[in-house]
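Let's have the full structure, built from the sequences with the hints guiding it.
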Amino acid sequence: MTDHFIRLEQVLLRFRTHAARTRSLKESVVNVVMRRRYGPPPREVIALRDVTLNVADGQRLGIVGDNGAGKTTLLKVVSRIYPPTAGRVSVRGFLVPLLEVGVGANPELSGAENVFLTGAILGLPRHVMARQLDEILDFAELREFADTPLKYYSSGMAQRLAFTVATQIRPEILLLDEVFSVGDIHWIEKARARMQALIDRAAILVLVSHQMDLIERYCNRAVWIESGRIAADGEPAAIIDSYRRSSDGRA
Amino acid sequence: MTIAERVQELWRFREVLKNFVAQDLKVKYRRSVLGFFWSLLNPLLQMLVLTAVFSLIFHIENFTLYLLSGLIPWGFLAGSIDACSMSIVGSESMLRRQYFPKLIFPLAVVTQNLITCILSLFVLLAVLGPFLGVRVTAAWGLLPLSFACLVSVALGAGAVLAVATVYFRDLRHLVSVVLGAWFYLTPILYPLEGPGGRAGPIPSEYALYFKLNPLYPIFEMFHRPLYHAALPAPTELAAAVAVAAVLLTAGLAVFWRCEDALIFAL
Numbered sequence: 001m002t003d004h005f006i007r008l009e010q011v012l013l014r015f016r017t018h019a020a021r022t023r024s025l026k027e028s029v030v031n032v033v034m035r036r037r038y039g040p041p042p043r044e045v046i047a048l049r050d051v052t053l054n055v056a057d058g059q060r061l062g063i064v065g066d067n068g069a070g071k072t073t074l075l076k077v078v079s080r081i082y083p084p085t086a087g088r089v090s091v092r093g094f095l096v097p098l099l100e101v102g103v104g105a106n107p108e109l110s111g112a113e114n115v116f117l118t119g120a121i122l123g124l125p126r127h128v129m130a131r132q133l134d135e136i137l138d139f140a141e142l143r144e145f146a147d148t149p150l151k152y153y154s155s156g157m158a159q160r161l162a163f164t165v166a167t168q169i170r171p172e173i174l175l176l177d178e179v180f181s182v183g184d185i186h187w188i189e190k191a192r193a194r195m196q197a198l199i200d201r202a203a204i205l206v207l208v209s210h211q212m213d214l215i216e217r218y219c220n221r222a223v224w225i226e227s228g229r230i231a232a233d234g235e236p237a238a239i240i241d242s243y244r245r246s247s248d249g250r251a
Numbered sequence: 252m253t254i255a256e257r258v259q260e261l262w263r264f265r266e267v268l269k270n271f272v273a274q275d276l277k278v279k280y281r282r283s284v285l286g287f288f289w290s291l292l293n294p295l296l297q298m299l300v301l302t303a304v305f306s307l308i309f310h311i312e313n314f315t316l317y318l319l320s321g322l323i324p325w326g327f328l329a330g331s332i333d334a335c336s337m338s339i340v341g342s343e344s345m346l347r348r349q350y351f352p353k354l355i356f357p358l359a360v361v362t363q364n365l366i367t368c369i370l371s372l373f374v375l376l377a378v379l380g381p382f383l384g385v386r387v388t389a390a391w392g393l394l395p396l397s398f399a400c401l402v403s404v405a406l407g408a409g410a411v412l413a414v415a416t417v418y419f420r421d422l423r424h425l426v427s428v429v430l431g432a433w434f435y436l437t438p439i440l441y442p443l444e445g446p447g448g449r450a451g452p453i454p455s456e457y458a459l460y461f462k463l464n465p466l467y468p469i470f471e472m473f474h475r476p477l478y479h480a481a482l483p484a485p486t487e488l489a490a491a492v493a494v495a496a497v498l499l500t501a502g503l504a505v506f507w508r509c510e511d512a513l514i515f516a517l
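For the protein sequence lines, the chains are C and E, in the order given. Take 1 as the starting number for the first sequence in this note's numbering and just add one per residue. Take 252 as the starting number for the second sequence in this note's numbering and just add one per residue.
Keep in mind that a hint or two might mislead.
[What the hints assert, rightly or not] Here are some chain C residues pointing at chain E (derived, C-beta under 10 Å):
| no. | residue |
| --- | --- |
| 1 | Arg16 |
| 2 | Arg23 |
| 3 | Lys26 |
| 4 | Lys76 |
| 5 | Val96 |
| 6 | Pro97 |
| 7 | Pro125 |
Read the hints as simulated data drawn from the structure, not as lab findings. Just so you know, even glycine gets a beta-carbon here, dropped at the ideal spot from N, CA and C.
Encoded structure:
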């Protein structure tokens with residue numbers, strides 16, 4: 001377990017937001033013909049600015065900050081979902097982002113087929129998933145529903161399957177947005193133990209959460225993001241303390 | 252990224268592509284008693300109707316075989332382009348959660364349609380062959396190149412429309428109208444010239460304009476070997492390859508140029 005890293009060098013991410021989400025060809029043509037500008041011009045929002053961050057092997061990085069500060073956006077830049085407007089992002093290691101449960105679930109396909117699809121999307125070929133299929137179905141307690149199309153699953157069942165598949169994969173770099181686990185008490189206990197095992201196996205963890213106790217429990221480094229910039233970087237206890245004091249000051 | 256890097260990246264995502272294609276095929280034929288036979292029955296019935304109507308108008312020798320050799324490639328082309336235009340927009344939720352080389356979405360659409368098209372073409376040729384007097388000739392050796400040209404056109408046009416639909420969501424309706432018109436402008440229901448170079452239903456002074464249609468040489472790549480049991484003229488063959496190469500190159504260039512910005516427009 002050496003030589004995995006995440007490196008961000010002076011990353012800038014700029015969004016263009018359009019007031020009206022839907023744009024149509026008809027509307028654009030009409031606007032050109034009528035020589036009018038429709039609605040306000042697009043507004044530019046800087047989501048991340050001057051973010052330089054190095055995460056090395058063995059680090060468990062917690063990210064704290066207010067809603068809309070850019071925490072999830074940062075995870076999306078690291079996982080290449082958002083290409084940066086300027087700056088450089090380099091990652092070495094098998095990276096799996098768990099940002100939301102249920103990547104690529106297809107309701108028409110059976111539970112087992114969805115396991116293969118999600119596995120492929122997260123980077124594992126079919127023969128590897130086939131070896132783990134039984135283990136996944138057993139853990140999710142869905143063995144007898146393996147051939148049932150996903151659309152007949154209850155939302156709890158679908159969540160259980162998605163969580164189990166996502167956590168079956170052994171990433172070297174794990175990006176985690178909040179901790180996703182939904183279900184009855186028995187399931188939450190089981191899911192927590194599995195999540196702990198997943199975190200222990202990963203060489204690098206980046207965790208975004210509003211629950212400070214999770215950051216304190218899992219992380220050995222923390223970064224505080226404010227308005228798209230890194231406001232502080234250091235020991236989790238110290239960062240959480242200064243973040244809390246700043247929020248209390250505003251409240 | 253260089254082209255080599257992009258191709259390597261697509262290769263790394265081949266498992267995802269395989270899954271997308273398999274899933275599309277499964278969903279398409281799931282829980283229908285006839286399964287894959289629907290994709291045979293559809294062109295078969297269509298041909299039956301069209302033969303009944305148009306053989307009265309055009310008086311073409313072996314009209315059913317002529318229809319078959321153009322209608323099935325057209326089904327692939329129109330089906331691929333139509334589905335490609337929605338392929339990125341329809342994958343929004345996946346694209347927000349995970350990185351993909353975006354080309355795999357149009358690529359999956361084209362691959363899935365190609366599999367259905369090749370299967371139905373050869374099954375129909377085998378089943379109808381004895382009745383239509385189909386002969387396997389050396390000219391069939393051209394078919395891999397014919398399919399390569401057809402796929403290049405589908406992927407090139409499909410990739411551009413996949414990107415454009417992200418910005419203009421109503422483009423899809425326009426695409427189906429344009430495809431509908433293009434179907435009638437391309438010699439598929441009617442031949443441009445009769446067998447053995449005799450005059451066809453189109454007066455020869457207008458035939459020239461029909462040949463300017465960039466899809467004309469592409470469809471000759473199917474008509475010539477399958478219906479005329481001959482190779483296209485060298486100029487037609489060169490035109491088909493040129494159209495395919497230009498569309499594919501331009502389509503991929505546009506797609507890769509816009510690819511990174513798509514996530515911000517979804």
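Now for the hints, and whether the structure bears them out:
no., hint, verdict
1, Arg16, "7 Å, holds"
2, Arg23, "6 Å, holds"
3, Lys26, "6 Å, holds"
4, Lys76, "8 Å, holds"
5, Val96, "9 Å, holds"
6, Pro97, "7 Å, holds"
7, Pro125, "5 Å, holds"
Checked against the numbered hints above, the structure breaks none of them.
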